[in-house]
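Engineer: Chains as they are written, first to last, in the numbering used here: chain A, 377 to 699; chain B, 377 to 699.
In short, the hints are calculated from the structure, not lab data.
In this text the structure is predicted, and so the values were computed from the model without any measurement.
The C-beta atom is built at its ideal place from N, Cα and C for all residues, glycine as well.
A portion of the hints provided could be inaccurate.
[What the hints assert, rightly or not] One-sided excerpt, in silico: chain B residues whose CB lies under 7 Å from chain A:
#1 G474
#2 E483
#3 L528
#4 S531
#5 T538
#6 A545
#7 G548
#8 P642
[Unchecked claim] Listed next, with one range per pair, are the computed distances between beta-carbon atoms:
#9 S643/A x Y547/B: 31 to 39 Å
#10 P450/B x L681/A: 35 to 43 Å
#11 D449/B x I409/A: 40 to 48 Å
#12 R665/A x R383/B: 55 to 63 Å
#13 S590/B x V624/A: 50 to 58 Å
#14 P450/B x Q423/A: 34 to 42 Å
#15 H384/A x R680/B: 57 to 65 Å
#16 G548/A x D697/B: 29 to 37 Å
There are 2 protein chains.
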Amino acid sequence: MGKLRIRHLLVAGGAGFLGSAFVRDRLRADPEILITVLDALRRPGAQADLADVLDDRRFKLVQGDVRDQAVVDPLAGTVDAIINFASEEFTGSGAADGPAFARTDIEGTAVLLEAARKFQHQRFLLVSSGEVYGPLKSAPNREEDRLTPRSLPASVRAAAETLAGAYHASYGVPVLITRAAGAYGPRQPVNQLVASLITRALSGMTVFVEGNGSATRDYLHVDDEVAGIARVLWKGEPGTAYNVGDGVQISGSQLADTILEACGKPSSLKRLTREGPGWSYAVDPRRMRPLGWDPLVRFPDGIRLTVDWYRRNESWWRLRDVA
Amino acid sequence: MGKLRIRHLLVAGGAGFLGSAFVRDRLRADPEILITVLDALRRPGAQADLADVLDDRRFKLVQGDVRDQAVVDPLAGTVDAIINFASEEFTGSGAADGPAFARTDIEGTAVLLEAARKFQHQRFLLVSSGEVYGPLKSAPNREEDRLTPRSLPASVRAAAETLAGAYHASYGVPVLITRAAGAYGPRQPVNQLVASLITRALSGMTVFVEGNGSATRDYLHVDDEVAGIARVLWKGEPGTAYNVGDGVQISGSQLADTILEACGKPSSLKRLTREGPGWSYAVDPRRMRPLGWDPLVRFPDGIRLTVDWYRRNESWWRLRDVA
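Given these sequences and hints, build the entire structure.
Structural biologist: The structure is reproduced here in structure tokens:
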């Protein structure tokens, strides 16, 4: 891994679905690593979800807001790199999401970038999303493509990327960006797509598919996704964005069918909403190959493994299902 | 002006250089207009600079932060449109600008967009900058060009544009964007480029030019710039960005020579710094033509008029020169 020497990592938003999976993966893979998680712990059960690593002496959990410089700076001063998973949760409820997104995702990123600059960190990785490219036009998006996000969460990610780009260009902060496919897997909150479909199917409820079910996107098992993100952190070229996906397009209809089958439920539970944008998304992940990363868990195996987890952990998601 | 009926405008950042010029222009041009300015009034002398319109019954000044929903919402509820000039001032001092920019420029824009959505405003105009395109590559930038900002202030503007685009695409907010050339003219704060050079020249001080003096950009007299912005507000197509410039490239060396000559000072006061990025910027303003706008004050006449103003108003800038 060259001259790069990241011993101590600050993981912002490290108690979330992706962030906590990343933390687990690193603690498992690297006996030397020290990890400090900064997380607002607003999601119900967030702290409990880290119970298995709380006793690890290499791990520290700090509750706080990424926008709070008084919290961030003392932590940033002791680490070699920052990785930012912190993001406002999209409720889609029509509530005032914009300002909240701007605060957590953009101002939060700015505070962390400023700390990375001040303490001359070795790396700064911003976890973004493949949705920043906007809906699929022809071929799966390459990293050089123009960002034309259509949704508010994707726009906020793109805006955070723009800020990170400025810190790289103007101040030489060694910024890396990952644009990942939709993640699924154990411990995904039940208000997120795949977990929502799985838990509805297991409960014998109708499984809704947006539009006519033909819109596709790529999905990635959370373990593969965080392994890809780690690969970018250690092997990526500063100033570069990386698509993290497996390059396979799955339609909404296929996803629902696969889930229902894995749950042993009849396909009659599937219902097309005939509403919603019906946008497809796809990223071309070929830039990841030279980094030596390739997904290990493929669709539909990953869905079956995930359904098994939700079946075995019903109390976990019943407790967290606030919808 | 079609079915558009903007009687009452909320002007965020309306006590700044551009914002206050816009307010003056509108009060002069439209006897029916009502204008409420929301401004944090952080710039020394900001309120005094609006003295000439404070007694106008069509005008109201509210001191407050654009991020404060409790201030914004009651104001937004009474107006037909918002125009956002509010921007953090770039000090370039190496201080923690990023988070402050994110707060004022991006979160502020999000709060105003949310209000525009809630109160179903007729228009939302975001005042952006031609610098969002990044340094000039070959031809002057068209509005369709990709945004590749290099500086922090330009990146923050681009990020605010991205958010505005999401509110247009997702929620149908009738968003307009202006990307303007560098403005100059009376009442420009002395820490901004042209005013800085003029006041230094008038004081007999060295006039510094970045790089080797060959980098160009387009300048616009503030009266023309705000007239162009008003034209976009009333005549522009929602969902569209407009370059506001006069399409003439002026080099840093030319600018300094013109200023020194207008000030009656020797060209020996000019000094090339041989440092700095030496980037050129240029926007192609042809989309403004169908809107019936064309600059009236051309370079170098505008510079001469501006030098006259600074000569006649020395106490104004001496009081405000905190550098």
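Engineer: Take the hints in turn and mark each one as holding or not.
Structural biologist: Checked hints:
Look at G474/B: its Cβ gets to within about 4 Å of chain A, closer than 7 Å, so that hint holds up. Because the closest C-beta pair between E483/B and chain A is about 4 Å apart, less than 7 Å, the hint holds. For L528/B, the suggested interface contact is upheld, since its CB lies about 5 Å from the closest CB of chain A, less than 7 Å. With a least beta-carbon distance of about 3 Å to chain A, the hint placing S531/B at the interface is held under the 7 Å criterion.
Hint status for T538/B relative to chain A: holds, with the closest Cβ pair at about 5 Å, below 7 Å. A least Cβ separation of about 5 Å between A545/B and chain A falls short of the 7 Å threshold, and the interface hint therefore holds. Contact between G548/B and chain A, as hinted, is not supported at the beta carbon level, the nearest pair being about 13 Å apart and thus beyond 7 Å. A distance limit of 7 Å between C-beta atoms decides the matter here; for P642/B the minimum to chain A is near 35 Å, and the interface restraint is violated.
Under the hint 31 to 39 Å, the C-beta atoms of S643/A and Y547/B, about 35 Å apart, fit the expected range. Between P450/B and L681/A the C-beta distance comes to about 53 Å, which lies outside the given range of 35 to 43 Å. A beta carbon spacing of about 46 Å between D449/B and I409/A agrees with the range 40 to 48 Å that was offered as a hint. Between R665/A and R383/B the beta carbon distance is about 59 Å. The supplied range of 55 to 63 Å therefore holds.
Between S590/B and V624/A the C-beta distance comes to about 51 Å, which sits within the given range of 50 to 58 Å. With their beta carbons about 38 Å apart, P450/B and Q423/A fall inside the hinted range of 34 to 42 Å. Range check, H384/A to R680/B: about 59 Å between beta-carbon atoms, so the 57 to 65 Å window is met. Roughly 32 Å separates the CB atoms of G548/A and D697/B, a value that falls within the hinted 29 to 37 Å.
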